[in-house]
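Asker: Each chain, written out:
There are 2 protein chains.
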Amino acid sequence: MSLDLLFHPSSVAVIGASRTPGKVGHDILAGLVRDGFAGTIVPVNPAAETLLGLPCYPNLAAWGGKIDLAVVVVPNELALAAVEESVGAGAGAIIVITAGFRETGPEGLNREKKMVDLCQRRGVRLLGPNCLGLINTQNRLNASFAGALPEPGGISIFSQSGALCTAMLDLAAGRHLGLAKLVSIGNKADISEVDLLSYLAHDPQTRVIVGYLEDIATGNNFIKAAEEAATLKPVIILKSGTTAAGLKAAASHTGVLAGGDTAYGAAFKRSGGVRADTFDALFDYATALSMQPLPKGNRVLIITNAGGPGTMAADAVEKAGMVVAELDRNTATALRARLPKAASVGNPVDVLGDADPARFVTAIEAAQDDPAVDAILVILTPQAMTRPAETAIAIAGALNGSKPVVATFMGGHDVMPGRQELAAAGLPDYESPERAVSALRGMVEYAAWKQRPPRLVTRFRVNRRRVERIISRRQRTGVLQLGEVKGKDILGAYGFKVQDGALANSAEEAMEIAERIGFPVAMKIVSPDVIHKSDMGGVMLNLANAEAVGDAYELMMLKIRKRVPGAFIEGIYIEQMAQKGLEVIIGMSRDPQFGPMLMFGLGGIFVEVLKDVSFHLAPVTEDEAIAMLKSTRSYDMLEGRRGQKGVDITAIASGLQRISQLTTDFPQILELDINPFIVGESGSEPVVADVRMSLAPLTEEEK
Amino acid sequence: MSLDLLFHPSSVAVIGASRTPGKVGHDILAGLVRDGFAGTIVPVNPAAETLLGLPCYPNLAAWGGKIDLAVVVVPNELALAAVEESVGAGAGAIIVITAGFRETGPEGLNREKKMVDLCQRRGVRLLGPNCLGLINTQNRLNASFAGALPEPGGISIFSQSGALCTAMLDLAAGRHLGLAKLVSIGNKADISEVDLLSYLAHDPQTRVIVGYLEDIATGNNFIKAAEEAATLKPVIILKSGTTAAGLKAAASHTGVLAGGDTAYGAAFKRSGGVRADTFDALFDYATALSMQPLPKGNRVLIITNAGGPGTMAADAVEKAGMVVAELDRNTATALRARLPKAASVGNPVDVLGDADPARFVTAIEAAQDDPAVDAILVILTPQAMTRPAETAIAIAGALNGSKPVVATFMGGHDVMPGRQELAAAGLPDYESPERAVSALRGMVEYAAWKQRPPRLVTRFRVNRRRVERIISRRQRTGVLQLGEVKGKDILGAYGFKVQDGALANSAEEAMEIAERIGFPVAMKIVSPDVIHKSDMGGVMLNLANAEAVGDAYELMMLKIRKRVPGAFIEGIYIEQMAQKGLEVIIGMSRDPQFGPMLMFGLGGIFVEVLKDVSFHLAPVTEDEAIAMLKSTRSYDMLEGRRGQKGVDITAIASGLQRISQLTTDFPQILELDINPFIVGESGSEPVVADVRMSLAPLTEEEK
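Residue numbers (this note's numbering), protein chains in the order written: chain B, 1 to 703; chain A, 1 to 703.
Hints listed in this document are in silico derivations from the structure and should not be mistaken for laboratory results.
Keep in mind that a hint or two might mislead.
Heads up, the list lumps identical chains together, so a pair's fine if it works in one copy or across two of them.
To be verified - Computed list of lysine-lysine pairs in BS3-like fashion (alpha-carbon distance at most 27 Å, straight line):
1. Lys533 - Lys486
2. Lys296 - Lys319
3. Lys233 - Lys269
4. Lys559 - Lys645
5. Lys533 - Lys645
Nothing here was measured: the structure is a model prediction, and the numbers come from that model.
The shape of chain B in the complex, shown without the other chains:
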C-alpha cells in the first residue's frame, strides 16, 4: 500500500492531544497548528472541549468524519485501542509515537504485533511505534515532536534514531539547509527503510535521500529498494555499530573474515548507496549531491588564493583516491594570459592573495571549459584585499552547471558573509579543504556507480542434479561438514578442475590408488573432526613410491587416533601432488541478511595474518569479480612483478563466478572455502587443491 496518505493527508487526528506544553501530545498538535498544515486537524482528548483553539473530541466517533492520518500519542496500554479507533475512522496511515513496545522485551513485542496485524489486515500503514513522527515541508505537515518545520529543500531524511532526527533537523536549521521530508522510523514495525526508499525514490520534491540505520530488516529487499532509488537519485546512508559487532565464530576463513560490518559494506556497494563514515560526512555529502551536478570523472581542479590550503587540498585529493587534474594546455595558456604574472596556472591554480572576485571567475570559467577537469574546488582565505561576499556572488554567477563546484571559505568571522552568499546561491561550502574533498569523493563514488556497465551475470553449464543429490543425502544423514572428497565432487560438477585422487580405507587401497594416478602423491586425512589437518600430522606430501604410501597410511592413522581420540575418520585421500602456481583462496559465507558473500584473497599469510581479502555479494559479474581481485592490497602479486609472469586473472574471476552460481543455486551451503585454489600463468586452468563446505541442517518442515 502506498504511503501517500502518510505524507499527504487531508485530515490529521491527534489521539492523545494535550493542553500541557512540554507534553508530546501538546507539542505535536501545536506543531501542526503553528507550522500551518492546511488540512483538517482533529484533536482527540476526552477531557478537553477545545485545544489550541480547535474543537476537541472525546474520540473519533464523536467527530464522525473520515480521517486520513492518525497520530497516536496515548499511554502505551491505550495504544491498541487508539489504533483500532483510527482504523475505524478510515485512516490510511497511523503514526504511533507511543513507546514501550518491542524495545522493552517480548511482552512489548507482542503488543506491537497486535497493532501491526490489525493495520495490515485493514490495509493501513503504520509508522513507529516509538518514533518522533514525520515532517513534510511541501504541505507544511509537521506531525512530529522533532522540532520546528525546516526550510523547504531537496533533502529527505529517514532515521532509526529519533535523537538523530532532532539533531539533523537542528543542524539543517543552523545551516539554512532545506529539507523535503523527515521521517523518524522508530521500531519499524510496519514501515521500514525499504518502504521509504521506494517512496522517496519517486517523490518529486526529494533530490537526495539520507538515511541513518542501526540495522536492516530484510537484506534483499533493502538492496532492491536502494538500488532502484539510487538509479534515480543519490542515497546516502550512515550505518552505526560498525566495529562493535566483532567477528563471529565460524569454521571457514571466509566465515571468520566476513564478520562484523563487511556485509553492510558489500550491500551498499551493490545497491549504489553512498556510505557516510561519519555524521559530518552524511551532511557534507548530502549538501553537495543535492546542490551540484554529478562529475563525469575523478579529476579535480583546485582554485585558491593561497598556496598552503591549495597544497592541503591536493594532498586530500590524492589520499581520497582521486586525481589532481592536469590542465589542458590551451586552458593553461589562456589562464597565463588573463591572470597576473605571479599567478600559478598549474593545479592548484593560485590566483594570489590579492585576488579580486573577477580573478576567481576567470579561473572558474576556464576550468568549466576544460575537458580535462571533472570537478572544481574553490578555496578562499580572508586576506587583506579579499572580499568574501562579492567573491561568493561572482563565483555563483559564473557557474554554468556543467561540473560540480564546491567551496571552502576558510575562517569563522570575516568570511561568514561570503559563506552565507554561497549557501544562498546553492554552492556547497565546507569548513576545511579536507571536508570539501571528502564531499567530492562522495559525488565521484556515486557518479561512478551510475555509470557502471550493465550487470550481466554469466550462467555456466553445470551438473546441478549431481550437487542436489550430494547435498540432500548429507543433510538427511546430518553430516553437515563436507571435506575434501565430497567438496571436490561438488566443485567438479560446477566446472572446477580438481586434482585427481580417491579415498583409501586401507594401506593396500592407498597404494593401489597411488599407482593408478601416478607418483609423487599427497595424502590427507579425511575427517569432519580434524580441522587443522597439517598441525595434527594429517597431511603428508611428495610420497614417491607405493611402499612409502603404505607406510604413510599406517603412520597417519596412528597419529590421528592418538591426537584426536574418537575422531570419525572417513579414510585417507590420495591425490596428485599439487601443480605449481600461486595459492589463492576463494570462498563464500552466507550472511543472514544479505545472502551469499563471496570472498577473494591470496592464500596463507595473506588471509591468515594480513586479512587482505575482498568481499562481494553474489551473484557477481565478471567485472565485479575482477574488481574484487583489484581491491586487495596484494593485487600486484597476481599481475607478476620484476620479470615474473602474472597469473590468469580471468580464470580466478571465473572461479568466483562459478561459486557465485553454486551458492546462489544452493542456499543450503552456508560456508565454502576453496583453499588453496592454485592458479598458473595466463591460459592455464586453476586447480582446486582443497575445499571445505558446511551445510545448513534440514528444517523441521524439510524433515
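Starting from the structure of chain B, add chain A where the hints point.
Answerer: For chain A alone, kept in the frame of chain B given last:
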C-alpha cells in the same frame, strides 16, 4: 639572541606607514593604534606630518629615540635601507613585511641574504621577509595585517603560510577561541620554527603551540626544539605537501620506501609533536589540549542522551585505536541506583532522551571517580525535554579537572546556547562524535609520549677502526656501491653474524672455497653493475659438490657477460646455504633533513608488494626498535601463528640497534639494506644473508 624585543617592545616603528586605508603600511599602523598597544608608536613616512593622529617622521634619525621593534613595509628596493635605518636606531628585532625576496628567485635571495647578514652581524633578529607580521595579545601588540586582535587565550600559532594565519585568526574569532601569540614566519630568513618553538616553550602565556609548516629548515634543530617544547606543553603541527613529493629514486628498498613524507612522520614521532592530518584536526586538537587535563590512558567513557550517536562514538573510539572503557562494577552499581531504570549503565552510559541536567551530572561525577575511565565524552542531542544551556552549565560545574572531558552537542540551532556555555566554561565542544573522538586521540597520543620511558640507547662493542678503513678506501677509489663481500665485512665488525663465505676469481678457487666451508653452497655474482642478481642468472643455490661448483662458475660468468655486457665483475661469492628461518629486511636511508632513518619489514613480497614497513629515526632504543616491529601489519608472523614457534624478536631489535649505531657512527653511509636478514627461533642468532650499502662521495675538501 632572544626574541623578547620582538614580542615585548616598548617602542614600535612602522617604516613605510601610510595614510591610505587598504594599504599594508596603513593597516599595520592602524592595527597598532586601534588594538591599543601601550608603548610608543613611531610612524615613518617622508610625505606625512601626522598619521592617525600620531606625529610622523621622515626617518628614524629625525625621531631620534631608540626603537625596540621596527616593522618594515616599504617597497622591495628600499627594504635593505629600512633595515639599516632600524639597526641604526637600536632595534632589537625587525619585521620585514615586504615581499619580493627568496620567493622570486636567486636575485631576491641575494637581497634577502644582505638583510639577514646585516642583522646577524649586529645581533638583531629578523622576522620575515614576505610575512604578515605578528600579534601578541598579552600586551595588545598587533604588528600585523592578519586581522583584528583576537581574544586573549592559551594557544600560540606560527604559520609558514600567511593566508593560513588569517584563516586561523578568523576561525578563532568565529569560535571565540583565545590566542596568546600569532606569528607569520614568511620566508624564515632568520627567525624560523626552531626559534619560535624554543621561545614559546618558555612563554608563560602559551599553553599549546600550533604550527603550520610547508618545509623544515634544519631537521635536527627542529627535533631538538620540538622535543624540548613538547616536554613542557603540547606542540601540534600541520605539515602540508605530504603526498605530492612522491617517491625518490634510490638503489635500496629502504631508500625507495623512505621517500615522500615518511621522514617528517618519524621526526614528529620522535619529538613528541602531535601531527594533525587536516585543518580541522589542527584546531580540534588545540582546543582540547589547551582546555583540558591530559588523560592517563586511552579508556574512553561515553555519556549520551541518545543511543545512535553513542554507538557512532563507540565506533569512532575503536577505529581510533582507543578503548571503550569498561565501567568499574561499583560505578555501574552506583549509577544503576541513581539513574532511571531504563537508562543504560554500560558504555555508552545512556541517560535517556528526557535527561535533565542533573542526570548528566550524575553520570559525569561517577565517571570522574571511576579508576577504569581515562577520558569522558558527553553527547547531547536536542530532544523535546532537553535543556542545552542549563545542561552545559551543570556539566561544567561538575568537572573536577581530574580527567579530560569533551562534548558534542549535536545540531546547529537549538543547541547553540549550550555550545556557547560550553565554550565560555572552557569545555571543548565538537560538531560530531567523530571529531570529538579524534580530539581525544590527539590528547592520548601526546599523553603517551609524555609518559614514555627514558630513552637509553645501547652502545655495542664494535670494531669501528676496521669499518673506517673499508669506507675510506672505497671513498678514495670512488667505488661507492658496496656489495655483499665488503658489506658483510662491515656488518661483521659491528657484531652481526654473517654466513661463512669468500670471493672466488676462478672456477678452481670456487671449488676450493666450497670444499673448505662445506656443501651445499650458494654462489652469487659480485658486481656493482648487476643490481637484480637473480633475474640476471647471477645466483645459484644448493650446489652439492665441487664439480657442480666449478661448472656453475663458468656458466654464471658466461651468462652475466652476455646479459650485462661490460659489467665490472669482482668475482663470485661462495657461501654456506642460508639457514632456515624467517626472512626480514632491516635497512637505513639517510634523510637530508633528519639523518639516518631505520626501516624494518618482512622480506620479499611484504616489502616489494605490500610495502608493509616501519621507520624510525636513528639512534633507536630497544623499546623503539621493538615498537617498529609491532607497528607492521605482519607482526603476527613474527610472533608465530597456529602452533608455529615465533622468531626471536629481541634479536631483530638488536640488529636494528646495531645498524643504528653503525649509521650514526658513519655519516658516509647513505643507504643500507640487509635483505634478507634470516631470523630463527628465540635464542638463535640471526644471520645476514645479503647486504647492500652505498657511500657518499668524498667532498672537495675531503679530497
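Asker: Under a CA distance limit of 27 Å, which applies to Lys533 and Lys486: within one copy, between copies, both, or neither?
Answerer: within (17 Å within a copy, 46 Å between copies)
Asker: Between the shortest in-copy and the shortest cross-copy C-alpha distance, which are at most 27 Å for Lys533 and Lys645: within, between, both, or neither?
Answerer: Classified as between; 18 Å across copies, 32 Å inside a copy.
Asker: For the identical chains here, do Lys559 and Lys645 meet the 27 Å Cα criterion within one copy, between copies, both, or neither?
Answerer: between (40 Å within a copy, 21 Å between copies)
Asker: Checking an output row: Lys233 and Lys269, CA cutoff 27 Å. Within, between, both or neither?
Answerer: within (15 Å within a copy, 45 Å between copies)
Asker: Checking an output row: Lys296 and Lys319, CA cutoff 27 Å. Within, between, both or neither?
Answerer: within (20 Å within a copy, 32 Å between copies)
Consistency with the previously given hints is maintained throughout, with no hint failing.
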